[in-house]
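Peer 1: Each chain is listed here by its residues.
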Amino acid sequence: MSTSSMQTVGGHGDSPQRVRAERLNVEQASYAYSATAQSAPTFTLGATSFQAHERELVAILGPNASGKSTLLRLISGTIAPLSGRVELDGEETSRLDVRTRAQRIAVVHQESPAVYPVLAGDFVLQGRHPYGRALRFAKKEDIEIARNALAQVGVEHLSRRSMGELSGGEKQRVILARALAQQPRLILLDEPTLHLDIGAQVELLERMRQLAQENRYAVVIVTHELSLAAEFADQVVLLQHGRCLRVGPPAAVYQRELLEQVFEAPLDVEIGPAGRPRVNLRARRGEDAT
Amino acid sequence: MRPLTVKRLLWTCGALAAVLLACVVLALKLGAVPISVTDLVINLGRIAIGQSDQLPTEYRLIVFDLRLPRILLGIMVGAALSVAGASFQALLRNPLADPFVLGVSSGAALGSILMLIIAPQIAVLSPVGAFLGAIATITVVYFLGRRDGQLDSTTLLLGGIISASFLSAIIMFLMTTLAGRDLRGMVFWLMGDLSTPVPAGLRWIFTAGLLIGIGAIYTTAADLNLLLTGEREAIHLGVDVTRVKLVVYVSASLLTALAVSASGAIGYVGLLVPHAVRLIFGSDYRLLIPASALCGAIAIVLADTLARTVVAPTELPVGAMTAMAGAPIFIYLLRRGLR
Numbered sequence: 001m002s003t004s005s006m007q008t009v010g011g012h013g014d015s016p017q018r019v020r021a022e023r024l025n026v027e028q029a030s031y032a033y034s035a036t037a038q039s040a041p042t043f044t045l046g047a048t049s050f051q052a053h054e055r056e057l058v059a060i061l062g063p064n065a066s067g068k069s070t071l072l073r074l075i076s077g078t079i080a081p082l083s084g085r086v087e088l089d090g091e092e093t094s095r096l097d098v099r100t101r102a103q104r105i106a107v108v109h110q111e112s113p114a115v116y117p118v119l120a121g122d123f124v125l126q127g128r129h130p131y132g133r134a135l136r137f138a139k140k141e142d143i144e145i146a147r148n149a150l151a152q153v154g155v156e157h158l159s160r161r162s163m164g165e166l167s168g169g170e171k172q173r174v175i176l177a178r179a180l181a182q183q184p185r186l187i188l189l190d191e192p193t194l195h196l197d198i199g200a201q202v203e204l205l206e207r208m209r210q211l212a213q214e215n216r217y218a219v220v221i222v223t224h225e226l227s228l229a230a231e232f233a234d235q236v237v238l239l240q241h242g243r244c245l246r247v248g249p250p251a252a253v254y255q256r257e258l259l260e261q262v263f264e265a266p267l268d269v270e271i272g273p274a275g276r277p278r279v280n281l282r283a284r285r286g287e288d289a290t
Numbered sequence: 001m002r003p004l005t006v007k008r009l010l011w012t013c014g015a016l017a018a019v020l021l022a023c024v025v026l027a028l029k030l031g032a033v034p035i036s037v038t039d040l041v042i043n044l045g046r047i048a049i050g051q052s053d054q055l056p057t058e059y060r061l062i063v064f065d066l067r068l069p070r071i072l073l074g075i076m077v078g079a080a081l082s083v084a085g086a087s088f089q090a091l092l093r094n095p096l097a098d099p100f101v102l103g104v105s106s107g108a109a110l111g112s113i114l115m116l117i118i119a120p121q122i123a124v125l126s127p128v129g130a131f132l133g134a135i136a137t138i139t140v141v142y143f144l145g146r147r148d149g150q151l152d153s154t155t156l157l158l159g160g161i162i163s164a165s166f167l168s169a170i171i172m173f174l175m176t177t178l179a180g181r182d183l184r185g186m187v188f189w190l191m192g193d194l195s196t197p198v199p200a201g202l203r204w205i206f207t208a209g210l211l212i213g214i215g216a217i218y219t220t221a222a223d224l225n226l227l228l229t230g231e232r233e234a235i236h237l238g239v240d241v242t243r244v245k246l247v248v249y250v251s252a253s254l255l256t257a258l259a260v261s262a263s264g265a266i267g268y269v270g271l272l273v274p275h276a277v278r279l280i281f282g283s284d285y286r287l288l289i290p291a292s293a294l295c296g297a298i299a300i301v302l303a304d305t306l307a308r309t310v311v312a313p314t315e316l317p318v319g320a321m322t323a324m325a326g327a328p329i330f331i332y333l334l335r336r337g338l339r
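Line by line, the protein sequences are chains A and B. If you're matching positions, the first sequence starts at 1 in my numbering and goes up one per residue. If you're matching positions, the second sequence starts at 1 in my numbering and goes up one per residue.
Same shape as in the complex, but just chain B (with noise of 0.2 Å):
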């Protein structure tokens, strides 16, 4: 027996939460643009103390203009898919869950690019096209996903994957043929690309759609782990199943949803951080739900900065990176499961 303590989840958090901490100041440092820590150090303590006035204009527009809010962009989009990740794993008890491989990311790429055609003027309806889209995704494979009224892993995989390429089809279609229209590109929507910083106006609705998703989530953590033995004994222990299957359903395609429409279609990263956290911490959604939410924000820092680095002075989107490393580990725990 080794239940999971306060304590523990604290340490864990905290340890995660400084391994962040690291990689988004080496992630202000490098770039296209070389910065060394030392200035980076003496900067940042000088806005600590309110000298922000005094920062060198050059310096200030690379580093506090266009790296760190795409930085702050990146832990918000990598946390909210690892949640989302973690969350349909459980729901739909399937490991190789994850909003990209289930068509809910493309689901809610094309309902906030809907949104844009129909209503560019209002900058507020591409989130919540991209959530009335996630939802209605997730209730399609859902229903593809039963045979004789249970949930069969192939066929919910086969059904979500269909459902992706069905729709990423639309998404090519739609962008051919209103080519010249103000929309971000065709790269964005299907891979994902964090170099479109949000507008301003939304940044407090995705800050708080994200806490409030994740906070969501969390409460049914106990139940999610439950669940994850299936609805039947959930039931019996005292799980309102009805209620948490709700709840986590809308919070996960909330959290995808905001994910996409501020950088697109980003695959595999709701998929191998929470596998990768289970290796490392072991299931329990108590701890797996927050150490994904900080990996999650770590890969996504650590993927970017490298998209932004390695073929410098071009930038790859993030989306390449995270594909490159998600797919071989994709078909690696397909192969296990179907052993």
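Okay, chain A solo, but in the shape it has when bound (with noise of 0.2 Å):
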């Protein structure tokens, strides 16, 4: 671990003894939308359950409106569960202010669309809004954590450029950069690799879960790439139709039946040699002959 970047990005406070703290706990949350506040609800989350160590990176997976994005608003905090509690190191994350939530908690959403374009630098600086004060010009300490940020990501060298002439997978990284900026404890991270060519997206999650090892955050991703989390998520929370199906460590959770019946697909699953589980798709019986 390298600790001249922890004390730069991400040096917070628990001791360096408590190995793998709890960072996130999820205990029996659950939302519902509806309409106005008589109707009846038109989408629920039932109650869900489970826990983040810090180093640790948690998929949550399922199809579409399947309650995955809900579930991520609730832990960022910008919703408050119905029943049940998110606590972010013991703290309810809905309860937080917004300006403390920020120092807490970064969310990376696939894009983020500028109406007028800023350069890469300023755009990660944005990431020390939640520091300053009033007009928040730039101290050199913040321009030092941008720096590092960008740095950590591999993209330095983009500092100058405006934000609109960068590629995805560049522009994902200096969105990440900010993020880092943020110095959470937690980072959410929302269909990251919506975008991306799978080329980028292995690059990604590797460099979550370095980014996880060396600043110790918890790291919660949302997706639906069934490979990708079987690859690199210490944990899996499955849900469908606003249910949560499993939790746990991805060779438990990736049952063949399950996983069908959940994605409405035909699929395979292999354990492959490091204890990991994989994930095929396989040709429905009638497109075998053609």
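Hints listed in this document are in silico derivations from the structure and should not be mistaken for laboratory results. Among the clues, some could well be false.
[Said to hold, decoys possible] Incomplete in silico selection of chain A near chain B, CB under 8 Å:
| id | residue |
| --- | --- |
| 1 | Thr-78 |
| 2 | Val-98 |
| 3 | Val-107 |
| 4 | Ala-134 |
| 5 | Ile-143 |
| 6 | Ala-146 |
[To be verified] In silico negatives: residues of chain A with every beta carbon more than 12 Å from chain B:
| id | residue |
| --- | --- |
| 7 | Ser-34 |
| 8 | Pro-184 |
| 9 | His-224 |
| 10 | Asp-268 |
We treat Cβ as the ideally placed atom computed from N, Cα and C, and that holds for glycine.
Assembly of the complex is requested from the two constituent chains, each provided in isolation within its own frame, with the hints serving as guidance.
Peer 2: What follows is the structure, given as structure tokens:
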């Protein structure tokens, strides 16, 4: 573990003796959307429980409309659970004020649409917003942290380029650098691999694992990429129709019948040499002949 | 990485203030009665050393009682409209937003007229009516511009443009049926005009309102930078979005109301000035807001000087000048945006 980068980009409170301290605790958390206060809910997320420790990568898996985004919003604290609790280091995320929350939780969306172009370096500096006051003129320290964050994702050289001219993969890394500049304890990624080719997907997840190790983040990734989650996640939370079906290491959750039923596709699951499951799409019988 | 520094901010604003000062001197000089710069400097010097009683009467009347108040009004109106425009552009994440295009100016004009009809003897109610009209219009346009719970750029603009023409029609109706009452003319309310001086009793209200409005918006400048990337993103970066939106909507409506009740609905300034500033100085709101205020003042002072001089001894309304320059640029931006 590189301690130098830890001090600048991820140095947080816990004593070094406590290995793999629990960061995130989701306990029987549920939520319901409805059009008005009186009407019946249009979507519900049933009670969901799981924990994420520091340096751990948790994948929330499920098909569309399974409740992944709702769970992500519950974790990020932008909505409060109807019942149960969502705690980060013992504090309920939805009760933190917006500034403190941004110092502890960074959320990375698949794309960051900008109305006006901004330089990549200045974009990363936005990650320092929750630490500043009033007009937030960048201090030396902020610039140092932003540089470090860019370096950690390997795009220092892009700092003076406009966000508008970057490729999808480069942009994704700069957005990730902004999240690192927030010096969070928990990083949430919402479908981060959606617009990336397979090489960039693997690279991103490898980088996330490495960053989680170095900076002691807990990382939660929402995805429907079964193979990537199997390869990189320490834990998987499997959702379907707003219900939490399974929580556990990929090898325990990835059962053929279960995955086939959830994703409504014929799949093969085998356990690879490292003990991680592999998922392949099995061709339908009718299509074998053609 | 090229973060904004206090030094760069001050240098830029200082340079723009110098340009504004030069424009003011030019505007004092030019007009139906030409005045030499030397005379102007000498007489300004006399005022500075407290000998204003030695000024020639005629000179005093033209330069200091006619031109100077009009120029000062132009500075205030230009600053108010430009900052309001820049604010709406950030809040609505739409580069084409502007108090005139969104109908907020027409709403303010209608509110002001209604107050003049209801209580003509209480002058202070006119800007109050303008403020209520502005707030009501931006609220309606905001909800017209929503589609599936999201702000839709095209729907928002259509909503604004339709509201503007609807409100203008009501203003025309009122002005036509109520002709003869002591209301300023249709051209004033629909095009904007700086020839009517603000009543002396209202001047301090306008100055205070302007400073409060721009000041309040400026405290949120760093938040507006993040709001431009989207509300969700801004929340995750620690911006109290509800508070910022409230402060900026109210302040921008206040600025529009002040400008409109003093000079009618001058168009396109709030659109063009922030764009020009963005092209030159970048889109950081910490610089954009003060630079837009200064450039807006420069633009109106120049436009009004042209309006006073091109067809002298008669005058054009200043809104005609800004629309002549503004409309083609608006179409250009619209086409570029829709590509």
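Peer 1: Each hint: holds or not?
Peer 2: Evaluation of the provided hints:
no. : hint    : in the structure
1   : Thr-78  : holds (6 Å)
2   : Val-98  : holds (5 Å)
3   : Val-107 : holds (4 Å)
4   : Ala-134 : holds (7 Å)
5   : Ile-143 : holds (7 Å)
6   : Ala-146 : holds (7 Å)
7   : Ser-34  : holds (14 Å)
8   : Pro-184 : violated (10 Å)
9   : His-224 : holds (20 Å)
10  : Asp-268 : holds (38 Å)
Checked against the numbered hints given earlier, the structure breaks only hint 8 and satisfies all the rest.
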